[in-house]
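Listed below, chain by chain, are the residues.
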Amino acid sequence: MRFDIRPGVRRLLRLPARSRDQIDDELQDELDSLLGHRVDELLDQGLSYDEAVRVAERHLGMPIEQARTLLRGSIDDRERRKPGLEFIAQDVRLAFRLIRRFPVFAAIVVLTIALGIGATTAIFSAVDAVVLRPLPFADGDRIVSLWGTNPDKSIPRFGVSYPDFRDWKARTRSFDDMALYVARVTTMISSDGPESVASLNVSSNFLKLLGIKPMLGRGFGSDDERGESSNSVILSHGFWQRRFAGDPSVIGRTVSVSGRPRTIIGVLPPESALLGPAFVGTPLDVVTVVELSTFSNVERHAQHLFGAIARLKPGAGIDRARADVSAVETQVAKENPEIAGWSASVFFLTEDLSLGTKQPLLILLAASGLLLIIACINVANLMLVRGAVRGRETAVRQALGASQARLAAQFIVESLVLALCGGALGIGVAALAVGAIRRLIPFGVIARADDMTIDARVILFAIATSLFTSLAFGLWPALRIARLDAGLSSELRSRSPGSGVGAAVRRMLVVAELSLALVLVACAGLVWQSVRRMLTVNPGFRPDHVVTASITLGSNYPDSAAVSFYQTLTTDLEARPGIEAAGAADTPPLGGGGIFTSIRLIGEPPRPADQPLMSTIRSITPGYFRALGMQVLKGRDLEWNESTVSMVVSKSAADAFWPRQTPLNREIAFNTQPNGFPVVGEVNDTRQASLTTAPAPIVYMFMRRYARVFHTMTLIVRGRGTVASTVGTIRDVLHEVDPTLPLYNVQTMESIVDQSTAQQRLNIALLGVFASAALVLAALGIYGVVSYSVTQRRQEMGVRLTLGAQRADILRLILGEGFALAAIGVAIGVGGGLLATRLLRSWLFEIGPGDPLTFTAAAASLVAVALIASYLPARRAARVDPLVTIRAD
Amino acid sequence: MSILRQQGELLVPLLKGTVDVLVLKTLSWAPMHAFEIASWIEERSGGRVIVDDAALLQALHRLEDRKLLSAEWGITKKGRRARFYRLTAAGRTHLREESVRLVDHFDALVSVIGAKQA
Numbered sequence: 012m013r014f015d016i017r018p019g020v021r022r023l024l025r026l027p028a029r030s031r032d033q034i035d036d037e038l039q040d041e042l043d044s045l046l047g048h049r050v051d052e053l054l055d056q057g058l059s060y061d062e063a064v065r066v067a068e069r070h071l072g073m074p075i076e077q078a079r080t081l082l083r084g085s086i087d088d089r090e091r092r093k094p095g096l097e098f099i100a101q102d103v104r105l106a107f108r109l110i111r112r113f114p115v116f117a118a119i120v121v122l123t124i125a126l127g128i129g130a131t132t133a134i135f136s137a138v139d140a141v142v143l144r145p146l147p148f149a150d151g152d153r154i155v156s157l158w159g160t161n162p163d164k165s166i167p168r169f170g171v172s173y174p175d176f177r178d179w180k181a182r183t184r185s186f187d188d189m190a191l192y193v194a195r196v197t198t199m200i201s202s203d204g205p206e207s208v209a210s211l212n213v214s215s216n217f218l219k220l221l222g223i224k225p226m227l228g229r230g231f232g233s234d235d236e237r238g239e240s241s242n243s244v245i246l247s248h249g250f251w252q253r254r255f256a257g258d259p260s261v262i263g264r265t266v267s268v269s270g271r272p273r274t275i276i277g278v279l280p281p282e283s284a285l286l287g288p289a290f291v292g293t294p295l296d297v298v299t300v301v302e303l304s305t306f307s308n309v310e311r312h313a314q315h316l317f318g319a320i321a322r323l324k325p326g327a328g329i330d331r332a333r334a335d336v337s338a339v340e341t342q343v344a345k346e347n348p349e350i351a352g353w354s355a356s357v358f359f360l361t362e363d364l365s366l367g368t369k370q371p372l373l374i375l376l377a378a379s380g381l382l383l384i385i386a387c388i389n390v391a392n393l394m395l396v397r398g399a400v401r402g403r404e405t406a407v408r409q410a411l412g413a414s415q416a417r418l419a420a421q422f423i424v425e426s427l428v429l430a431l432c433g434g435a436l437g438i439g440v441a442a443l444a445v446g447a448i449r450r451l452i453p454f455g456v457i458a459r460a461d462d463m464t465i466d467a468r469v470i471l472f473a474i475a476t477s478l479f480t481s482l483a484f485g486l487w488p489a490l491r492i493a494r495l496d497a498g499l500s501s502e503l504r505s506r507s508p509g510s511g512v513g514a515a516v517r518r519m520l521v522v523a524e525l526s527l528a529l530v531l532v533a534c535a536g537l538v539w540q541s542v543r544r545m546l547t548v549n550p551g552f553r554p555d556h557v558v559t560a561s562i563t564l565g566s567n568y569p570d571s572a573a574v575s576f577y578q579t580l581t582t583d584l585e586a587r588p589g590i591e592a593a594g595a596a597d598t599p600p601l602g603g604g605g606i607f608t609s610i611r612l613i614g615e616p617p618r619p620a621d622q623p624l625m626s627t628i629r630s631i632t633p634g635y636f637r638a639l640g641m642q643v644l645k646g647r648d649l650e651w652n653e654s655t656v657s658m659v660v661s662k663s664a665a666d667a668f669w670p671r672q673t674p675l676n677r678e679i680a681f682n683t684q685p686n687g688f689p690v691v692g693e694v695n696d697t698r699q700a701s702l703t704t705a706p707a708p709i710v711y712m713f714m715r716r717y718a719r720v721f722h723t724m725t726l727i728v729r730g731r732g733t734v735a736s737t738v739g740t741i742r743d744v745l746h747e748v749d750p751t752l753p754l755y756n757v758q759t760m761e762s763i764v765d766q767s768t769a770q771q772r773l774n775i776a777l778l779g780v781f782a783s784a785a786l787v788l789a790a791l792g793i794y795g796v797v798s799y800s801v802t803q804r805r806q807e808m809g810v811r812l813t814l815g816a817q818r819a820d821i822l823r824l825i826l827g828e829g830f831a832l833a834a835i836g837v838a839i840g841v842g843g844g845l846l847a848t849r850l851l852r853s854w855l856f857e858i859g860p861g862d863p864l865t866f867t868a869a870a871a872s873l874v875a876v877a878l879i880a881s882y883l884p885a886r887r888a889a890r891v892d893p894l895v896t897i898r899a900d
Numbered sequence: 548m549s550i551l552r553q554q555g556e557l558l559v560p561l562l563k564g565t566v567d568v569l570v571l572k573t574l575s576w577a578p579m580h581a582f583e584i585a586s587w588i589e590e591r592s593g594g595r596v597i598v599d600d601a602a603l604l605q606a607l608h609r610l611e612d613r614k615l616l617s618a619e620w621g622i623t624k625k626g627r628r629a630r631f632y633r634l635t636a637a638g639r640t641h642l643r644e645e646s647v648r649l650v651d652h653f654d655a656l657v658s659v660i661g662a663k664q665a
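Those sequence lines, one after another, are chains A and B.
Okay, so the first sequence: first residue is 12 according to our numbering, each after it adds one.
Okay, so the second sequence: first residue is 548 according to our numbering, each after it adds one.
Any given hint might turn out to be false.
To be verified - According to the in silico footprint, chain B covers these stretches of chain A (three or more CB under 8 Å from chain B):
| # | region |
| --- | --- |
| 1 | 38-46 |
| 2 | 70-76 |
| 3 | 107-119 |
To be verified - Sample of chain B residues with no beta-carbon within 12 Å of chain A, all distances over it, derived:
| # | residue |
| --- | --- |
| 4 | G564 |
| 5 | P578 |
| 6 | L604 |
Keep in mind that the hints were calculated from the coordinates and are not lab data.
Values in this document were obtained by computation on a predicted structure and should not be read as measured data.
Just so it is clear, CB atoms sit at the ideal spot from N, CA and C, and this is done for glycine as well.
Chain A with its partners taken away, still in its complex shape (with noise of 0.2 Å):
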């Protein structure tokens, strides 16, 4: 590579051929290397180092400081100065012909910083995406979401009702403005018939709010203030192209959502693609203003729907807006005694949209940090083991007067450019990652995390570690090459420094690399026995051959209907051969989906208005728990002819509300509704939220009378053959049923599982990759620092041999040190895992922090990977023929 400005281009560029104290520097810099060559030339003739400095001078012709000052006096003047930039540059291509001529180093070097600098640019893009990156929402960093809080605070973030809202919005003083939302699958029909839409119903203000314009048309303006006739729908830029390949003209078209002509007025811009993930969970279709209408019992406080978000006014902080919040929902309280002891609370919206993602991302960020860490130890070595090559030169220059700033500001720069190759190959392997990992992650279930690329952020970040990499490898050997200490003079005279200052610190080096590298296999080996240990969860039903898809009917079913409906498509289902049993629920198993209300258990003492008793309600038919392979414990399971609502409770519902008794014929009343209905059986536990949360108490209610909830229900559906044939006989049947129908997103029961844990492996995944690169970076620091040890020690080895040891003691010998080097590294590592482990409490699940098993096994693998490591030098020492070597002092 060539960096020289030709002479032309310098006098084009009116650049000074060289500045005076560059010609200066420059003279003396070569002075120097012509005394260096002559030392040690001399040296190796076998003079001694005072001599050959002696004979040197006399060759230069006069003493050393009277040279100095003679080529410094023969300097013509040239012009004006220039800083000292020149220099970096000629350094900078001394850097690379360096590593044109030693490849091999420098592509470890460079690969080994990749590595780490990769892994770290991986996950800090992550990072970025999630929890650094303003929202792309106007003044995004204002805007906060209120929650309700239920009595005894158990769920911090509980829906908020109209009437609160309406409360809210009139009493409270914090806010510029608040708008309501709630997210529903509905259907819309437009002229290529009905397809099931993910639509956000909102208050009319609630895009102006977040500052979103569409892009095409207008927004909801105050002709769609009254949602009850509210006839326009908004598209969201992704529904756009894919349903009407980004058509302009969509514009006043008319279509049909959830049963009602509406006109097209807008398109969202591409920008505001995360109120999908933010609001909804899915990609977001449509937008529409909310109809308070649609919704039963929307006038009660106590029923919790909505979702509200707020813009917090300029001056008004968060506490205050909370107090502010807290303060109104508990006088509505007061005045409401159906909400008795509820309260809410205000959170950002940023902090809401990162909420179960920041600590995990933090904490794999602290893990590729040690693997950095760890990447830049072993290249330490190597600049190290390279100084000390170069120290007798440097040595000599620094004892003929050179400056030491010089020499440092070298060496420096040589660890600049390889820490930015490696800068720039790490983002290239961080790129890669990220794709890998984006491929990795389902869509939603990790907010925001989908927009992770490298961005100008994450390439300043990479770019900033690789800076701070070169100076945490460069520096101590720049500082130490510079210094001039009797450790260096001694190496020149002794021609041995296997042991020495120089030798010790490699060794501390890579004790601390083995410790570190315990950590991380520490952590990994936990995480991955919580992982393996959560797949074993007995979720509580059988979800293999079960197939759930989501129905949606229109306004053109009363209630009435809606309920034959999914008798006739149940029982129709059942007939056919390959179906074993079919059901419905309001939403799958596994999905945290249900109501969380307050009940009363007719015949208990009543508890205090503040303090009563909740439980999730899951609405379901007949059927439900056959298809799901639930076993009925006590009881029957519920059927189409009930003549009442009845209800069946989960084991731990029954031994919650009524321990030691069984709760047949028992009643359950909603806390809004006077009379109870009967429980007529009790089923097994099922895991509800996740796989890891322990089972909480269900009440599965058959409500034949009140069916709004039978619009949108999950059908499960467990078959005998191919998921394939399964789908396609549920399809049949829907069709003879109701062609009209459209049947979406089917899933097996099994991938719904496995996204339950999606997250989880993912984390194992890297942590893994991690722990596995530290292993081999490990490896490769005990390999380098034994091998260069041995190379070192050769005539000591020969010597050895000549006086009587077996070549059987040497392998032991080398084996022996590299085998106490990993003793010593384990022995820290395991203190610092200890202290590490007890970060990572969340992520485990069934396995204590400080689990012995998994820290002797990964002491066990970090001392097998020494040995297999020291193997190699070992037997190189034990070969050495110790004629060859003593001859060759």
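Place chain B on chain A using the hints.
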């Protein structure tokens, strides 16, 4: 002024400008750095011509200023930093002219001193 020295004895001083030609001639074989040039001259002359390091450096920079040489920093085969010099086209021309002149000059001297005594 470069001085010929051998084991402490002072021998014949070289004419000014001779060192320049020696350097140019040495570099006509291959680009070299200062130490290599000094060693080359010493070897080729069988130890009879030893150039002072300081004088050599001065000469090199003089020649470089006159654009008879170009130079850049590099790495020797042993991995050490050094400044490598090479002849320019102008340098080659100068070498040709000067060698002819020098040889001619010494020839003239020899023919005077070496004449058999009358």
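Now for the hints, and whether the structure bears them out:
no.: 1; hint: 38-46; in the structure: holds (count 7)
no.: 2; hint: 70-76; in the structure: holds (count 4)
no.: 3; hint: 107-119; in the structure: holds (count 4)
no.: 4; hint: G564; in the structure: holds, 16 Å
no.: 5; hint: P578; in the structure: holds, 14 Å
no.: 6; hint: L604; in the structure: violated, 6 Å
Of the numbered hints stated above, the single one contradicted by the structure is hint 6.
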